[in-house]
Amino acid sequence: MTVAVFHRDFQRTGRWRDLPAYAQIVRSRFKLVVTYRQAAFFLLAVVVVQIFVLREVWGSLYASRSSVNGLDKHALIVYLTIANLQGWVMQDPTVSRYMYERVRQGLVAFDLIRPVGFVPQMFAHIAGSALATMLFVVPALPIVAFVGSLDAPASASAGLLYLLSLTCAYALASVISLVLGMVAFWTTEIQGLTMLYRLVSQFFAGALVPLSFFPDAIRIPAEFMPFQSMVYTPVAIYVGHLREAAAFEAIGVQAVWVALVCVGAWAMWRRALFRVAVQGG
Amino acid sequence: MTFVRATGRSLALTWALQKAAFRGQLEYRLNFVLMVVMAFFYQGSGIAFLWVVLSKFHTLDGWTFRDLAFLYAVRLLAHACWVAPCHSLNEIDLMLREGKFDQFLVRPLNPLLQAISSHFRMYAVGDVITGTVLFVLGASLAHVSFTPPHVLYLVLTVIGGALAEGAFVLVAVSLVFRYFETWPLRFLIDNVFLLLGSYPMRVFGPTVSWIFTWIVPIAFVAYIPSSALLGRAGGLHVSPIIAWAAPAFGFVWFIAAYRFWRWQLRGYQSSGH
Amino acid sequence: MPPAIRVENLVKEFRRARQHSGFLGGVRTLFTRQCDTVRAVDGVSFRVEPGELVGYIGPNGAGKSTTIKMMTGILVPTSGTVEVAGVTPWRDREKNSLQIGVVFGQRSQLWWDLPLVESFKLIAKLYRISEPMYRRNLDRFVSMLEMEEFLERPVRQLSLGQRMRGDLAAAMLYEPRILYLDEPTVGLDAVAKEKMRTFIEEMNRVADTTIVLTTHDLADVERLCTRIILIDHGRVLYDGNVEYLKAKYAPHRVLVVRLDPEAAAAGVTVDPSDVAGAEIVEQADGVARVRFESARTPVHDLIAALNARYAIADLSIVEPDLEGVVRQIYAEPAALVP
Chain A
-13 MTVAVFHRDF QRTGRWRDLP AYAQIVRSRF KLVVTYRQAA FFLLAVVVVQ
37 IFVLREVWGS LYASRSSVNG LDKHALIVYL TIANLQGWVM QDPTVSRYMY
87 ERVRQGLVAF DLIRPVGFVP QMFAHIAGSA LATMLFVVPA LPIVAFVGSL
137 DAPASASAGL LYLLSLTCAY ALASVISLVL GMVAFWTTEI QGLTMLYRLV
187 SQFFAGALVP LSFFPDAIRI PAEFMPFQSM VYTPVAIYVG HLREAAAFEA
237 IGVQAVWVAL VCVGAWAMWR RALFRVAVQG G
Chain B
219 MTFVRATGRS LALTWALQKA AFRGQLEYRL NFVLMVVMAF FYQGSGIAFL
269 WVVLSKFHTL DGWTFRDLAF LYAVRLLAHA CWVAPCHSLN EIDLMLREGK
319 FDQFLVRPLN PLLQAISSHF RMYAVGDVIT GTVLFVLGAS LAHVSFTPPH
369 VLYLVLTVIG GALAEGAFVL VAVSLVFRYF ETWPLRFLID NVFLLLGSYP
419 MRVFGPTVSW IFTWIVPIAF VAYIPSSALL GRAGGLHVSP IIAWAAPAFG
469 FVWFIAAYRF WRWQLRGYQS SGH
Chain C
14 MPPAIRVENL VKEFRRARQH SGFLGGVRTL FTRQCDTVRA VDGVSFRVEP
64 GELVGYIGPN GAGKSTTIKM MTGILVPTSG TVEVAGVTPW RDREKNSLQI
114 GVVFGQRSQL WWDLPLVESF KLIAKLYRIS EPMYRRNLDR FVSMLEMEEF
164 LERPVRQLSL GQRMRGDLAA AMLYEPRILY LDEPTVGLDA VAKEKMRTFI
214 EEMNRVADTT IVLTTHDLAD VERLCTRIIL IDHGRVLYDG NVEYLKAKYA
264 PHRVLVVRLD PEAAAAGVTV DPSDVAGAEI VEQADGVARV RFESARTPVH
314 DLIAALNARY AIADLSIVEP DLEGVVRQIY AEPAALVP
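Protein chains in written order, with the numbering used here: chain A, -13 to 267; chain B, 219 to 491; chain C, 14 to 351.
By construction, these hints were calculated from the structure, which means they are not laboratory data.
Values in this document were obtained by computation on a predicted structure and should not be read as measured data.
Among the hints, erroneous ones may be present.
Below, a list of computed lysine-lysine pairs in the DSBU-like style, where the Cα atoms sit at most 35 Å apart [said to hold, decoys possible]: (1) K206/C to K318/B; (2) K237/B to K138/C; (3) K108/C to K134/C; (4) K318/B to K17/A; (5) K318/B to K208/C; (6) K318/B to K261/C; (7) K237/B to K108/C; (8) K208/C to K261/C; (9) K237/B to K261/C; (10) K318/B to K237/B; (11) K134/C to K237/B; (12) K208/C to K108/C; (13) K206/C to K138/C; (14) K237/B to K208/C; (15) K59/A to K318/B; (16) K208/C to K138/C; (17) K206/C to K134/C; (18) K108/C to K318/B.
Which stretches of chain C does chain B cover? Using the computed rule of at least three CB atoms under 8 Å from a CB of chain B, they are [unchecked claim]: (19) 115 to 122; (20) 284 to 298.
Ideal Cβ placement from N, Cα and C applies to all residues, glycine included.
Generate the whole structure from the sequences, applying the supplied hints.
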């Protein structure tokens, strides 16, 4: 769906020659994220602490029990480790912050009149950021494996499906973070909104507590939120909880969510443009 | 002017400046509501986790949900006690970059007090409200006898806990003079105090418990005092005497952090920017 | 009487880490820390007597703001002494703060979200101003700077000119002995500039405030200062009277002669030999610009000589402006003989 939107945008402006411009954006965003690697690793430290705390707390909760709700202790820790690692990977604040800053400083007016489309620009930013994050995952893996538990995927097909699911999850997370950045068009006072979102999304995605442990009162609403598709689905495929048909079904749900959020982002974008035109950004 | 009068004067001035900063924010109504709500969810997520988990498992290291809620609430109250007056320090990078800090050096008031009272953000109000609400709930649920000595101990605990967390935030803030961008470090400190401070430290094993008692005094913020008040002092990794002296550790750490601040400030004035 | 400001052999060095460029350079920076030492202020000395209004000027990067920062207590000198009304600013920071006022042109010291008058009240608290003094000065400044209409407005809603007036009033509210003005008229329109200058001049004349004025607008200096200190590359190039500076380094004035229109139409031009000792810089359309040195060629002689020979419609004299002088000095500092 995202590719289709991208394509349509291109067609409307008809400027394939803008590709070098996008490549440039990808390159410079990559460099920027690498420069701010310190920030990324401090965030990793936070995730490491969280994984550690979860491991110990869950270990203590389980006490002498070997399995609860069909989930044994080791599997649970692996699940939580991967879920939190994913959360870290998908949380580059620089892109939505960038959008937020552009709006706040009134510079977005420049972005909107530039020949290279604003929305494709944002996608280029996300792509650059993703590449940098992939770079960071390499040193992060051993640290995370030490403090939590990591296993190989349940099977080769599980591994492949995981990659597909992870891509969908990343796309979903990115579009949502763009939407958050767009809130800047309406109010400039959104300090902490991204952090709040991170916590809420993480909680309802099952990164702290597997959803099967939730009391029904919370579990049912949680299943209607997109957060599950961002965290739980890929991990569940990885550890083999979701196999074959169930896995494809879950990926389908992810795709639906991506589509829905894209539509929502599109609608918000139209309104934002309108607002800029009326109010002068 | 004697030291006491000078200090009293400075604090009165700081209070006046804080009020001014607060009043300046009252105009942004939507922002006020948003921030308070956000802080509520941010701080409340931890207790939501505990509730969900304990509804299934019933105890954590022998602590019931009521005990854990009390522990969580004490930690949160101590955090709010620091955040409410001093959250403006989180904007120190901005103050340095915009030259506002130089302005502080030209005014007749301690620059740290000026930094503390220069901004006000409404999430602080959210933290205070959430902390208070959770504390009232936690205190009513827990099996704590609120005798006068216990209440005094609790008040000192909250202040000491605030100073303990504040000490580390102050150190991170002082580093801004040399390293400019220490937001990630402050974020880490905030999370470490939140994550490791809200659960019974014993759950993390003897090594981690030791580190976060004697090297970073997180255990003294809420775990040790709560244990003492809940009659669980016996299960602690420190002697009962130390447990009842928990607030003192926060004070000591803060004094050390303040000296570090003064040292870095002198360096800033010598090395320029 | 002891000087208001005493600066002796003031030196300020900064160590700047050298950044290596390129990819490998970034890695190198991690391991080696090569530092360059920059001497922003290189042995500056001067004295300012109480009640003086001194212009402290120099090109960007000359060391002006560094000197001011040392005088206001923000920076600690590398060596040398600085004493303001008997106090060492960086050592007794609080004591020094109470006797100085500072106005930064680029940023405001007022409280952004609050009405202007609230800022004044806070300043009054900070500087321990008595109620009668506060009332008196507030009323005086409000009328002098015409601030009644925006006194109750939040500072963020004020125009630049209004905000600067507020800053100036705030700085003088507690009657400091010494006032530092750092680019106080930058970005202001002509009317606002004039208001500021009048106020500054009055503070100096009536209240006997010692004022150090840093500015790039030399019209400010010409209007307000009798004494000027010129600094470049961390050293004092000139310290003395403004008129003397102009007389010594730009001794020329220009006499603009406008010939009678009939004569001009007839093609009459001023002949160089008729202006002995002077130089005709430019001549066109019946207007001749004659450059002369007042010391060598008395102007009345020149006018008389011209009047005798030509039909003159109008005469005017262009004084050397400080801007031109200063520009010249920046360009060739060696030409400046003390």
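Comparing the hints with the structure gives:
At most 35 Å may separate the alpha-carbon atoms for a hinted pair to count; K206/C and K318/B meet this at roughly 25 Å. Distance hint between K237/B and K138/C is fulfilled; the C-alpha atoms sit about 13 Å from each other, no more than 35 Å. Distance restraint check for K108/C and K134/C: the Cα-Cα separation of roughly 21 Å lies within the 35 Å cut-off, and the hinted pair is therefore satisfied. Taken as a hint, the K318/B and K17/A pair is honoured in the structure, with Cα atoms around 31 Å apart against an allowance of 35 Å.
Taking the CA atoms of K318/B and K208/C, the gap is about 26 Å. The hint holds against a cut of 35 Å. A hinted pair counts as satisfied when its Cα atoms are at most 35 Å apart, and K318/B with K261/C does not qualify at roughly 42 Å. Using a Cα cut-off of 35 Å, the hinted pair K237/B and K108/C holds, with the two alpha carbons roughly 25 Å apart. At most 35 Å may separate the alpha-carbon atoms for a hinted pair to count; K208/C and K261/C meet this at roughly 31 Å.
Between K237/B and K261/C, the direct Cα distance comes to roughly 57 Å. Violation of the 35 Å bound is thereby established for this hinted pair. At most 35 Å may separate the alpha-carbon atoms for a hinted pair to count; K318/B and K237/B meet this at roughly 19 Å. The hinted pair formed by K134/C and K237/B meets the criterion: a straight-line CA distance of about 13 Å does not exceed 35 Å. Of the supplied pair hints, the one linking K208/C and K108/C holds, its CA atoms being roughly 31 Å apart against a limit of 35 Å.
Annotation: proposed proximity of K206/C to K138/C holds, straight-line Cα distance about 29 Å (limit 35 Å). Distance restraint check for K237/B and K208/C: the Cα-Cα separation of roughly 33 Å lies within the 35 Å cut-off, and the hinted pair is therefore satisfied. Restraint check for K59/A and K318/B: not satisfied, since their Cα atoms lie roughly 53 Å apart, outside the 35 Å limit. Under the criterion of a C-alpha separation no larger than 35 Å, the hint pairing K208/C with K138/C is consistent with the structure, at around 27 Å.
For the proposed pair K206/C and K134/C, the alpha carbon gap of about 26 Å is at most 35 Å, so the pair holds. Among the hinted pairs, K108/C with K318/B is consistent with the structure: their alpha-carbon atoms are about 20 Å apart, no more than 35 Å. Three residues within the 8 Å Cβ limit are the bar, and the stretch 115 to 122 of chain C against chain B gives 5, so the coverage statement holds. Remark: the stretch 284 to 298 of chain C is not confirmed as covered by chain B, as 0 of its residues place a Cβ nearer than 8 Å to a Cβ of that chain, below the required three.
Checked against the numbered hints given earlier, this structure breaks hints 6, 9, 15, 20; the rest are met.
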